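Visitor: Residue numbers (this note's numbering), protein chains in the order written: chain A, 1 to 150; chain B, 1 to 430.
Calculated from the structure, these hints are not laboratory results.
Owing to the predicted nature of the structure, the values given are computational and were not obtained by experimental measurement.
Mixed in with the good hints there might be a few duds.
Now the in silico label distances, taken between C-beta atoms and shown as ranges [unchecked claim]: (1) G111(A) to H330(B): 53 to 59 Å; (2) E121(A) to K132(B): 26 to 32 Å; (3) N141(A) to Q237(B): 55 to 61 Å; (4) A124(A) to G276(B): 54 to 60 Å.
For each residue, glycine too, the CB sits at the ideal point set by N, CA and C.
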Amino acid sequence: MSDLSELYQQVILDHNKKPRNFRILEGANRKAEGVNPLCGDQLVVYLDVEDDVVKDISFEGSGCAISKAAASMMTQSVKGKTRKEAETLFEEFHQMVTGELDEEATPNTLGRLTIFSGVREFPARVKCASLSWHTMHAALNGEQVVSTES
Amino acid sequence: MIEFGDIMVAIEKAGESGKGTLESVDWDVEHVREDFPVLRQHVNGRPLVYLDNAASSQVPQVVIDRGSRYLEEEHSNIHRGVHYLSQRATTAYEGAREKVKRFINARDVKECIFVRGCTEGINLVMHGYGRKFVGPGDEVVISTLEHHSNIVPWQMLCEEKGAKLRVIPMNDAGELLLDEYNALLNERTKLVAVGHISNALGTINPVKEMIATAHKQGIPVLIDGAQGVPHLTVDVQDLDCDFYAFSGHKMFAPTGSGVIYGKREWLEQMTPFQGGGDMIRTVTFEKTTYAGLPNKFEAGTPAIASQIGLGAAIDYLNSIGRERAFQYEHELLSYATERIGPIDGIKLIGTAREKASVLSFTIDGVHPHDIGTILDQEGIAVRAGHHCAQPVMHRLGVPATARASFAFYNTRAEIDALALAIEKVIEVFA
């Protein structure tokens with residue numbers, strides 16, 4: 001059961017139960033909706049971007065534990081970052097969960113987000129982990145809606 | 001933590017106690033399981049427990065062998081060659097159609113059109129009947145319980161024609177409200193399209209009664225039988241439905257096989273679905289005349305091996321005794337309902353009085369997708385999600401459910417394994 005406990009680590013379960021920054025962001029100047037039509041997950045990411053810095057970020061929606069915890073931790077990691085830093089995190093996270101980045105061998109800025117590395121052993125769940133990141137990326141770039149199946 | 005060993009012990013115990021005492025229908029499930037090679041494997045180190053039959057059922061060896069024999073000895077194009085192989089292929093293909101006719105008790109073999117699956121069958125009626133007979137201001141009636149395949153084609157038609165889609169509501173148990181249904185029908189209603197059995201909840205709809213009600217006003221009725229044919233004996237003459245669509249891959253045949261039954265008087269009036277080879281009588285650049293039934297609706301080379309496989313699956317179902325198989329499935333559903341329902345934190349979704357072997361459920365605080373992943377680690381295959389029936393989920397106020405769906409080769413021991421794995425899910429998320 002090592003794989004399973006790798007996927008459902010305590011930190012992930014905790015963020016699922018008590019998602020951080022889980023609210024509508026008053027005064028957001030960007031937002032995007034992310035949907036996964038295959039499983040029905042759907043969330044909205046709100047951003048307050050000023051002078052190219054993510055001053056504040058939040059999300060709301062419904063989804064599985066992996067997607068909710070990933071969104072929660074995404075908001076924590078991106079808050080206060082420059083747009084460029086946020087995009088780098090997005091790239092690195094995406095590469096990690098799809099198995100293109102060995103987070104232990106290659107220098108990266110992921111920090112505690114490496115907790116999601118176990119997701120790559122579960123191909124059916126990669127989109128759950130990356131949905132909020134794609135949505136944040138879309139919001140940063142002024143897109144309104146992003147789908148895992150487009 | 002509940003360990004794998006506990007589950008195995010439970011399976012063995014259930015296996016012992018299950019024999020003779022619990023089984024009221026005479027059904028040798030272990031013997032039947034031997035017919036299905038896919039069930040012999042292990043997944044994630046556990047014996048495969050396949051409970052996703054409403055999505056696609058498994059294929060018995062005799063059906064696999066029949067498809068192989070076609071490919072090894074008979075493969076050729078049908079309805080074309082004067083040569084030996086083409087005649088053999090045509091005979092086998094048309095033989096499968098004859099089996100379908102008897103299986104659903106159609107009046108005439110020409111009323112059984114081979115299609116790629118249930119979805120294609122419904123789309124064929126949408127194009128052939130809907131685009132010809134539905135106009136601006138007309139109405140098409142469907143139900144809240146429909147699979148997307150029996151919603152989207154009608155939505156597309158209504159949008160194109162300026163017609164209106166009307167929806168039969170349901171109660172919290174997942175039963176259609178028949179009074180509301182009766183009230184929806186009027187002189188503008190051009191078609192009723194309703195599922196025989198709900199794929200998401202298992203509700204068996206009273207379609208015979210609903211068809212009779214529609215016919216009083218001269219309204220034709222299409223039945224989406226994707227979940228109907230695997231669990232009920234279907235007699236299209238007794239139902240008196242105008243159309244009945246189903247897929248082979250949910251009734252132990254390969255994917256790519258399926259049937260749309262239509263009453264001859266409708267099929268003859270309808271325009272062809274696709275144009276191409278095999279569906280014509282004569283072609284000139286000025287004018288094409290169409291072939292008669294069923295070829296008019298079967299343009300191009302079909303999935304010959306799959307449809308022959310469907311014929312073999314029908315033979316198989318007849319050989320094992322369909323009625324007893326259905327009775328056994330019903331007992332499995334009752335057992336699963338009693339076994340899973342009372343678990344703390346479980347909510348059964350869909351509690352209709354008339355139900356087929358589907359157990360849809362949620363667990364407090366756990367998303368169905370996570371349930372699906374953890375069960376998969378135990379070798380248990382279930383469906384997690386909206387089951388291509390998002391309006392049902394909206395109506396019941398859940399984003400998704402986990403769904404265990406049973407076939408006659410499942411066992412009580414497998415349901416025990418499911419129950420233990422569910423307890424494990426609850427433990428992980430405690």
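Visitor: Would you pick out the hints that fail for this structure and give their numbers low to high?
Guide: As far as the earlier hints go, 2, 4 are violated by this structure, in ascending order.
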